[in-house]
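Visitor: Residue numbers (my numbering), protein chains in the order written: chain A, 200 to 1117; chain B, 2 to 280.
If you're looking for bench data, these hints aren't it; they were derived computationally from the structure.
Honestly, I wouldn't trust all of these hints.
[To be verified] FRET-style restraints, in silico, Cβ to Cβ:
hint: 1; chain 1: B; residue 1: PRO52; chain 2: A; residue 2: PRO355; range: 48 to 54 Å
hint: 2; chain 1: B; residue 1: ALA259; chain 2: A; residue 2: GLY377; range: 48 to 54 Å
hint: 3; chain 1: A; residue 1: GLU469; chain 2: B; residue 2: ARG4; range: 24 to 30 Å
hint: 4; chain 1: B; residue 1: ARG150; chain 2: A; residue 2: ARG202; range: 55 to 61 Å
hint: 5; chain 1: A; residue 1: GLU1109; chain 2: B; residue 2: GLU43; range: 36 to 42 Å
hint: 6; chain 1: A; residue 1: GLU212; chain 2: B; residue 2: ASP20; range: 34 to 40 Å
hint: 7; chain 1: B; residue 1: LEU147; chain 2: A; residue 2: LEU384; range: 47 to 53 Å
hint: 8; chain 1: B; residue 1: GLU43; chain 2: A; residue 2: ASP393; range: 28 to 34 Å
hint: 9; chain 1: A; residue 1: LEU384; chain 2: B; residue 2: ASP58; range: 32 to 38 Å
hint: 10; chain 1: B; residue 1: ASP58; chain 2: A; residue 2: ALA786; range: 37 to 43 Å
[What the hints assert, rightly or not] Dumping the calculated SDA-like pairs for lysine to any residue here, alpha-carbon to alpha-carbon at most 20 Å:
hint: 11; chain 1: A; residue 1: LYS791; chain 2: B; residue 2: LYS88
hint: 12; chain 1: B; residue 1: LYS88; chain 2: A; residue 2: ALA325
hint: 13; chain 1: A; residue 1: LYS775; chain 2: A; residue 2: LEU1054
hint: 14; chain 1: A; residue 1: LYS500; chain 2: A; residue 2: ALA325
hint: 15; chain 1: A; residue 1: LYS989; chain 2: B; residue 2: LYS88
hint: 16; chain 1: A; residue 1: LYS446; chain 2: A; residue 2: GLN588
[Stated by the list, open to error] Listed next, the stretches of chain A that the computed footprint assigns to chain B, with coverage defined by at least 3 CB atoms under 8 Å from CB atoms of chain B:
hint: 17; region: 475–484
hint: 18; region: 976–987
hint: 19; region: 1021–1033
Just so you know, these numbers come straight off a predicted model, no measurement behind them.
Note that the Cβ used here is the ideal one computed from N, Cα and C, for glycine as well.
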Amino acid sequence: MNRTLTFTVNGTERSAEVAPQRRLSRVLREDLGLTGTKVGCDAGDCGACTVLLDGEQVCACLIPAAQAAGREIVTVEGLAEADGTHAALQRAFARHGAAQCGICTPGMLMAAQDLLRRDPAPGRGAVEDALGGVLCRCTGYLKIVEAVLDVASNAPDAAFPDAGAAVGARVARLDGAGKLDGQELYADDRTPADALWLRLVRSPHDLADFMLGDLDAWAAATPGVVAVLTARDVPGHNSFGIYPTLKDQPVFAERFARYRGEAVAAVVLENRAAFEAVDLSGLPVAWTPGEAVVGVEAALKDGATQLHDGSPGNVLIRGRVASGDADAALAGADAVVEAAMETGFVEHSYIEPEAGWARRTGDRVELRVTTQTPYMDRDEVAHVIGIPQESVRVIPSAVGGGFGGKLDQSVQLPLAVAAWALGRPVATLYHRPESFAATTKRHPARMTASLGVNRDGAITGFRFHGDFDTGAYASWGPTVAGRVPVHAPGPYRVGAVLATSAAVYTDGPPAGAFRGFGVPQAAIIGERLMDDAAAAIGMDPLEFRLRNALRAGDRTATGQVIEASVGLAACIEALKPAWAGYGARVAAHNAKQGRTRLGAGIGCMWYGCGNTSMSNPSTMRLALKPDGRLTLFNGAADIGQGSYTIMAQIAADALGAPLALVDQVWGDTDLTPDAGKTSASRQTFVSGRASELAGLDLRGQILRLANAGEDATLVFGGGRIGVRDAAGMRDLDPSALPVDADGHVLVGEGSFDPPTAPLDGDGQGIPYATYAFAAQIALVEVDPELGTTKVLHMTAAHDVGRAVNPTLVEGQIHGGIAQGLGLALMEEYVPGRTENLHDYLIPTVGDMPEIDCILIEDPEPLGPFGAKGIGEPALVPTAPAILAGIRQAVGVCPDRLPVLPHRLRAAILEAERREAAE
Amino acid sequence: MTRYLRPTDLDEALGALADGPWTILAGGTDHFPARAIRDPDEDILDITALPALKGIDRTTQGLRIGAAATWRAVIDAELPAACAGLKAAAREVGGMQIQNRGTVGGNLCNASPAADGVPALLSLDAEVEIASAQGSRRLPLDRFVLGNRRTALAPGELLVAVHLPETALDGAGRFLKLGARRYLVISIVMVAGTMRLAADGTIAAARLAVGACSAAALRLTALEAALAGRTPDEAASVLGGHALDELTPIADVRGDAAYRREAARTLLRRCVDDLAAAA
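So that you can see chain A by itself, here it is in the shape it has in the complex (with noise of 0.2 Å):
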């Protein structure tokens, strides 16, 4: 029964007529509006609710309202100044850049607005043990802990960069205020009073047949059901996939469902009461569970059960690079080393659940939704509603975190049916072990290697193979069977190669994008093999990698030689002080055989930006206004990575203009131009080099008005223009020009689209137009009694073309590290076992190492400024360092990721009893 509840919020006392047990979560969100406190689990395990209580941090989803009554409240929404500037706390957060999809600031804030309550000068210890609670899948927590130790300076804001001086600056993220005040609207943040709720049902099995009972019965006898929707009220194709001709994914299942979690069936509630209420256990639905195939072992077996019709042996697709005769390269080496590794499903964990709404508008569909990739969610929908393209709008919300997670189909395509068939708003909101289950993982990988060095230390050749478990349905598999070929071989000088993959089809999860696309499992062989081929010829780990690095001016294994910005061998030079720094501590510590030792280990890698050999264009506007102010249409979506800010260093430097005049249309699929999907480290590259093109075209038409040359210089100020060269000074005012119907007087455009060639059967051709390329470098200590591991340090070189914003680069860096400590260590999925945060580990704050980030620029031609990707580089590289740190420590680590302390101890206990045998 609701009481009438009063509490003191943020100063004010506020009232709402609730249930007593409801949680304190959703009476700040729900009934008084306060959004800034998110929701990530409902479990105490993320701490994004965390609120203060009568002063102490507490997770507000585990308040009972009665609880909180009478008592005093602070959100994020009560930490700013009676002015409304930001708190000394805040202001911290946005200089060191400790917000990145800002989904777990507001949880991150009070935290450390609870420390700093009780000690304002605390140490980084006290810091770790207050936000030890919130969990970020973005920063690697090292931004967040500097920011809360540099709150006592109050050091003023950074102010902006002057004219041509944005690119490489420290630009303070432009969008960062919203998520340090809990204004900014993440997907669950402000749906419409008036919408329907839609909840999925979803198999409880891995393979089950199943019949739907008498539905409508049921919805007319459950309080608050008002439809329920499958496959049979899908207008258009009950269909959908990444590519066009391997759309193998229901919207909803039909007879049967292919894997725990999928949705067979949507029940639509009046509202979210009835929506948070609904008990669907009485649904009627008939399941017949089948034999799971579990693991590409099982579906490539002699005759194993046929998963999809046209995938013969339950292979989805195959790729292959074939370079040279590997083979006998292999046979003629000095030595050849060889290895076997497996990997698990991991889960992209970002804090904030999949959610959004949808409304119709005629013969039109809107969304709002959190996505990595509008225009791809715009034409999905147009296909399973049977409507053209353009009838679709999607505008995404802010995003609480992707990492390839959110460049699936999650509530769209539900949302968009329910929306149409019902002529109202309808939302939703996945609850967290339900993102477990539904959504996709990173691809398991089965992997075999061999790779043959000569005395001299040249590598003679290379063989490899990868199975990846692509789970239910083929989602990113094709792209993770096509990438991991080219990149298995490293990043170094081969003789031959002979590299093979295949996306397997399972009765799993379906496995999708997931930073790397299958390059991260590749990397975890083949470095390892780098490491036991360097020791087979007694050379050291890192010379051994500099003396093969690729250099510009290198044929790749496919064929394409790189011309430029190939950074690699000025990435490990770089880390060579730090290398011998860890190999000092090592030594040291070892000899005094305590408890613990050390090691040190190294990875490398390459990452190709952008598609493989497929066009992937992006468009960017730039327009100037009647003001002199300046609208940037920027569609590249920004998940926390930061492209909001770097589109727009980007155009206002190529234009000539001071960043401070930039304002932004974002991400709306009717407004701005496509720039593709957030994915494949393309969006700096990519959409940095339309953004840039579009600041030029701008300028070229500023110029042709003035009737002035190329190298004539721009100057903003006072709503106009000057125009200088060297006949002097011209004055151009915008408000004299005529305006379009947009209210633009000029629009600059400029596309994109890098340059490819398609791979040949032997994967010979030109698959990315350039790659990143980083050497990371681990130093660990483990406790070989137990098999626990902690990474102590980490020294981070990555050659990222040009850094447009060296702390937007740094964190990635960090959180890259982070997901790759996550995925050597502790991660791993399994359906039905691990469907929360507690049972599923991320890494914590006390889990990061220190890191030391190097940036080497060697600019990329092609690239904005010289500019390249970062996203996916800076996690490839960690687990190679960390498992080869590992090994270093107590001479064995186990094959199967993740390295968890039973495995480790068993590995060791293992070497110790063949040691004992011979």
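Place chain B on chain A using the hints.
Guide: Showing chain B alone in chain A's frame:
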């Protein structure tokens, strides 16, 4: 229509419990996670406003910890050195958000095999005080937590307090937790211990408990007896000769059974070493 009762008087609470089934709610840190997908209709008895369940107090018999005392209260309380393990365990219960709300009594009543508080309390000879409309009774903790999600609490009963006898508050205390990450981690294995040394430096009394290696955390009484009268230097060989047969670890995503058993032995050895150094 569901009921929500938040009494301020213990007799009122016990009277309500005598009348029918209630879901007892304290800090909510286990209650709400169990309802992450859906809140069922249920009558809730909120016990956080009962003064009788609050506070941590020294008594003539020892230490009384109110069942609704939070882990934060344990961390902040001035306690004897023997409670160092209990305090360390308190700091390992979730993050600070959980420590600020989760209660000692809730940790016991939730009866998770991996409950952080149980081994440390076992190593302090904890007894629980249970009340009902019929009166109150006391039980040793190991006869209260009976198994996975199973306690000796009968219908109509409420856990009121945890008592640590004065005899257990002398000496050193230690708690070691093994997990696959720092902070917010469910234990793979836990070990807690308290120890007192005799004037001659031998072990006068050791109390050792292991968590997450059996359906309910266990005191290792046979090992304790074997350690009594031995010097700390002999402890490793005593431990080495003890089979730890009382442990019945399971295999799950966090670790296999053999690993748990071996890790328990390793942690026990380290715990005893640390206790001997601190005692």
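Visitor: Compare the structure with each hint and give your call.
Guide: Taking the hints in turn, this is what the structure says about them:
1. PRO52/B <-> PRO355/A: 48 to 54 Å: holds (50 Å)
2. ALA259/B <-> GLY377/A: 48 to 54 Å: The hinted range 48 to 54 Å holds for ALA259/B and GLY377/A, with Cβ atoms some 52 Å apart.
3. GLU469/A <-> ARG4/B: 24 to 30 Å: Once the Cβ atoms are compared, 25 Å apart, the range 24 to 30 Å for ARG4/B and GLU469/A holds.
4. ARG150/B <-> ARG202/A: 55 to 61 Å: Given range 55 to 61 Å: violated, Cβ gap about 31 Å.
5. GLU1109/A <-> GLU43/B: 36 to 42 Å: Given range 36 to 42 Å: violated, Cβ gap about 50 Å.
6. GLU212/A <-> ASP20/B: 34 to 40 Å: Holds - the Cβ-Cβ distance for GLU212/A and ASP20/B, about 35 Å, lies within 34 to 40 Å.
7. LEU147/B <-> LEU384/A: 47 to 53 Å: Cβ of LEU147/B to Cβ of LEU384/A: about 49 Å, so the range 47 to 53 Å holds.
8. GLU43/B <-> ASP393/A: 28 to 34 Å: Check passed, 30 Å falls within 28 to 34 Å.
9. LEU384/A <-> ASP58/B: 32 to 38 Å: Violated, at about 49 Å.
10. ASP58/B <-> ALA786/A: 37 to 43 Å: violated (53 Å)
11. LYS791/A <-> LYS88/B: It is violated: about 31 Å lies between the C-alpha atoms, which goes past 20 Å.
12. LYS88/B <-> ALA325/A: holds (16 Å)
13. LYS775/A <-> LEU1054/A: holds (14 Å)
14. LYS500/A <-> ALA325/A: violated (54 Å)
15. LYS989/A <-> LYS88/B: Violated, at about 24 Å.
16. LYS446/A <-> GLN588/A: Roughly 17 Å between the alpha carbons, so the hint for LYS446/A and GLN588/A holds.
17. 475–484: holds (count 4)
18. 976–987: Since three or more residues must qualify, the claim that chain B covers the region 976–987 of chain A holds, with 4 doing so at under 8 Å.
19. 1021–1033: holds (count 6)
Hint compliance for this structure: hints 4, 5, 9, 10, 11, 14, 15 are broken, all remaining hints hold.
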